Amino acid sequence: MEFSELIKTATVESVLLAGTGLPAVRGTLCITSHHLLLSSCPGGDGQPGTVELWLLIRNVDAVEKRVQNLGWYQPPRTNGSPRDTRLAGSSGTITLRCKDLKVLQLEIPGMEECLNIASSIEALSSVDSVMMMYPFFYRPQDLRLEEGWHLFPLEQYFQKIAAQTNQWRLSDLNRDFTTCPTYPAGVIVPAAVSDDTLRRAARFRQGGRFPVLSYYHPRNGTVMLRSSQPLTGPNRKRCPEDEVLLGTVLDEGERGFIIDTRSAQAAKQARMTGGGTEPKSSYPQWKRLHRPLERGRPLQESFIKLVEACNDASLSMDRWLSRLESCRWLSHVKAALSTACLAAQCLDREEASVLVHGAEGTDTTLLVTALAQVILDPGCRTMVGFQGLLEREWIEAGHPFHLRCARSAYSHARLKQEAPLFLLFLDCVWQLSRQFPFSLEFGESLLLALFDNAYASDYGTFLCNNEKERCLCKVKENTHSLWAWLNQPEEKKKYLNPLYSHNPLVIWPSVEPQSIQLWQGLFFRWIRPSQYLEEARAEMQRLVEAKEAPAKESAGSRLSRSLSDPAARTENER
Amino acid sequence: MEHIRMPKVENVRLLDRVSSRKAALGTLYLTATHVIFVENASETRKETWVLHSQISSIEKQATTATGCPLLIRCKNFQVIQLIIPQERDCHDVYISLIRLARPVKYEELYCFSFNPKLDKEEREQGWKFVDLNEEYNRMGIPNDYWQISDVNRDYGVCDSYPTEVYVPKSATAHIIVGSSKFRSRRRFPALSYYCKDNNASICRSSQPLSGFSARCLEDEQMLQAIRKANPGSDFLYVVDTRPKLNAMANRAAGKGYENEDNYSNIKFQFIGIENIHVMRNSLQKMLEVCELKSPSMSDFLWGLENSGWLKHIKAIMDAGIFIAKAVAEEGVSVLVHCSDGWDRTAQVCSVASLLLDPYYRTMKGFMVLIEKDWISFGHKFNHRYGNLDGDPKEISPVIDQFIECVWQLMEQFPCAFEFNERFLIHIQHHIYSCQFGNFLCNSQKERRELKIQERTYSLWAHLWKNRADYLNPLYRSNHSQTQRTLYPQMTPCNFLYKFWSGMYNRFEKGLHPRQSVTDYLMAVKEETQQLEEELEVLGERLANLQKMQLNGNKIQSKQQDRGKQLGLSASTNSLANTPQEYGSDLKSFPSRSPSQGDEDSALILTQDNLKSSDPDLSANSDQESGVEDLSCRSPSGGGCLPSEDSGKDSDEAVCLAV
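For the record, the sequence lines run as chains V and C.
Following UniProt numbering, the numbering of the first sequence begins with 1 at its first residue and continues without gaps.
Following UniProt numbering, the numbering of the second sequence begins with 1 at its first residue and continues without gaps.
The shape of chain V in the complex, shown without the other chains (with noise of 0.2 Å):
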């Protein structure tokens, strides 16, 4: 397949472009392969032209197109046909609806162009083909290929548990990916359970998604595992490496806590499909808590409802909360906080072990395993800490980003797996910093960006499923990653929270209504005005800055430059 077979028209003259809060501009609009332009000549036509959008087309979530014929009371001409007239006349208007929730209008001057656009732009965003992506074809001049790319390496983490114990190890039975297709090479596994093991219990686990370790406490020793539901079906099957497999991480006498993702209704009616959960009589030393979170369909579904309430203006107040609350939204925030929180309460405050998992294992029950760690590790909460968290939690660990993000809040198109798991998880973390402005490195910029990325992207970083497909696509060897552009020390800056200091605390937040708001920075993030609270941020910076000026560059160094007594120069080495 060609793109040029895609674009219809290329280029036109004099459209005219606007976006909510920002004065409209008129200019030439370009279709590329991979872009939409605008550039406008503000200075006449020999000035070379100001681009005034530059929009990824993979960016595009819906095309809404309307021609209206502006020649409508015209008297049609004697000597040209009735079609020349009309088209003469007419102009269309497209309206782009972005997966960055971003709406854009463009008014063509003409019908045909308007059509032709508007579909080029359909056919363009709607290539399925991660190869064709734009990733692909991105080449920035001051990045490497391979820079970002290996920053978190599992044997990293692993060394860092095996300073402490060696309770576990890093197995690459799954380095062809046959045992589990979407999990990555290495696993980190209970020591003393085989390979073997491993791929028997793997055949009990949809997906083959065995039990493998998520995190690692520190403070106490305990675990977090992760997998998917066990095959137990309408038979109650039982796998006796399973059994061996989570009797491994507990010593005798102690207890561990399943938390299943699903209702215990819903984890009942899975076993007539084949699934299930662990049934009490094979497992006596696990407990389970069921947390039902929602998922797929439904999750979707709240997420398009509350950008339709967002984006109503005549809505009035004493309509607009229960709209919110119609939507649903925030009591997914609010389920997907408590249920980290009780993980992360099991294993610093019960001191015991804990298994997450919901059916597919790759979308809930991440979720939960990421969000927990946030609370509980304070090196999550860091800049490269947090790119790490992704890295191992999301991505390695098979969230089909290319399924789930493939379509925003604004599409048209049928659903099939969209769900924005991932941005529930962003606006998840987004409350803790509220909570805790001080104990996240990274600022709200950093989350948009990634929520931004995740849905379309110049960056291979959430291409694909999993690493198998990764692998398959080469997508670490021909595209950049997305770290690697974030952690450029120019643009880094930009995602940094000035208020940041080191708090090594599990950090509990309230997940009472009343705490949980909504992400305003994010599903209002092109309706509000934002300046006032630009201004307020960068007054925090100024503060923040102002206090280190004088520490560092007046107190020290301007002292010691000018300083020649000796004993006065000690005072200042502190």
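Misleading hints may appear alongside valid ones.
To be verified - Some, not all, of what chain V presents toward chain C, calculated at C-beta under 8 Å:
#: 1; residue: Ile304
#: 2; residue: Trp320
#: 3; residue: Pro529
#: 4; residue: Tyr532
#: 5; residue: Ala536
#: 6; residue: Met540
Treat the hints as calculated values from the structure; they're not laboratory data.
Quantities reported herein were computed from a predicted structural model and do not represent experimental measurements.
Glycine is no exception: its CB is placed at the ideal position from the N, C-alpha and C atoms.
Dock chain C against chain V, hints included.
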């Protein structure tokens, strides 16, 4: 004291509102001014103080096996749940509190016994701190168009107005008196705010007694005089802040609203703000939502919506925005009224002034604003806030709504206000506390008769003395947000109005952000200042040093001091806290329950350190404090904690901190 039947009850349990399983055992004391609960726990002896004047309702519930529950709801939104072992004791406490919470004479109020140990001169200085004549001068008045009138000098025209009122120069005494006879409670149009830049003004009054057809020449002349005092504009807005239906109903009672045909060049406008009864019920409903035990997200949002509270807040804001725009953008003067012109009118005029004039967004200016639009114009503090026992139908959270409007603005314009949220909360607290004389009575006339200024102290001086606690670190007098009219966004803006948990769940500390950005930034700011000052000192010393070859011992000690201070503010970050109940069925299984012993009820019920006069300036000793934190984070601090697993990690350390 004769009302106290039971000065002391032992073995009383104070329940935690969030988790009923947690309760503190202690002793309950009733004094002439306070209810005090002292915990038995020997390390903390935590105290909870509640002023009698803060009590809004006391509820005695059915006796259970454990004792007799007593529920005390406070006007500052604290809810205290006690269980008293003996039914008889409970009854005595109940009867005593019923009486103590409803004083019948002003002399019973706390401000007449409160003595902050200031001498007479300091007291007088305190009362002079806010001076309204100075304020009108600041606005540029008197001038060619406006003058001070002494027509009300002995409250002869209107007993709920101040003696000094500002009116158009062309309005003669005859016109004023005539107009006053045509207005409810004789509250004639008077100046509230004047905009120097374009001569536009905000005036206020009560409704006209127009009935279905009555007219009054003097009243028409009065409005004309107001319009003409703004030569740049050829008409005058008359804003009736009531819903149209209410205003029309008033016509049947011989009251009503201005007929555009009778007044020359006015534009009449209704802005539907509901009356005090609707507002009282709305608050009641919202507080019920706040009191729900472990509500779901839906319970909360539905309840909040059904209370209508945020809708009412938005209505007040919209009215204020309308007026501010008329004055600033159109340059048109506005006359505002409702029915009596002392509730909605006060709200709307003060919101508009706040939007228009940066001065009112400073700490001093805000005090002046309340003094001007609320206290001097006869907002009925005593009736609305139930200081003395009276008609419960008169009670309504009118100024609470205004204070919330200010908070909503602060959320939208974080750099625009010199003061912080705590300032608002403390003002709200003291409107009900009756600890200072400012908000006593219903009018200036009553206050003068009571000789309030000779017998009580002024809150404004007290707040000013402690102003460091109330500063917004993001405020800078040369910042763009502090210099111009604020224009809040109108549409779509529903989401901008948020539930204020800092006020209505003020005592549920566990619900609030665990780290305070305001306090942290204030500390940073202070540190910076100190560093700069020190730098200067050091620079000077250096010069001396080089000259005189002194040794650096002094510098060293100075620097160590600084190190300590740095440590203090850094520790605000590592705020300790504990988990809530995330998993209710956890406790059934393991032997150690997460909420057994090691959690701190202190997180939820702050002690009211009322011996000092600030409601929660004991903030210095609660969880957000750097000082206490530091001590409990010391390695040895963990050793004496009740729970066994907290040696290294000081999550639970809060129970020490409070």
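Taking the hints in turn, this is what the structure says about them:
Taken as an interface hint, V:Ile304 does not check out: its beta carbon lies about 17 Å from the nearest beta carbon of chain C, beyond 8 Å. Taking 8 Å as the C-beta contact cut-off toward chain C, the hint placing V:Trp320 at the interface holds, the least distance being around 4 Å. The criterion of a C-beta within 8 Å of any C-beta in chain C is met by V:Pro529, whose closest approach is roughly 5 Å, and the hint holds. For the restraint placing V:Tyr532 at the interface with chain C, the shortest Cβ-Cβ distance is roughly 5 Å, inside the 8 Å limit, so the hint holds.
Nearest Cβ of chain C to the Cβ of V:Ala536: about 4 Å, under the 8 Å cut. The hint holds. The beta carbon of V:Met540 is positioned within 8 Å of a beta carbon in chain C (closest approach about 6 Å), and the interface hint is therefore held.
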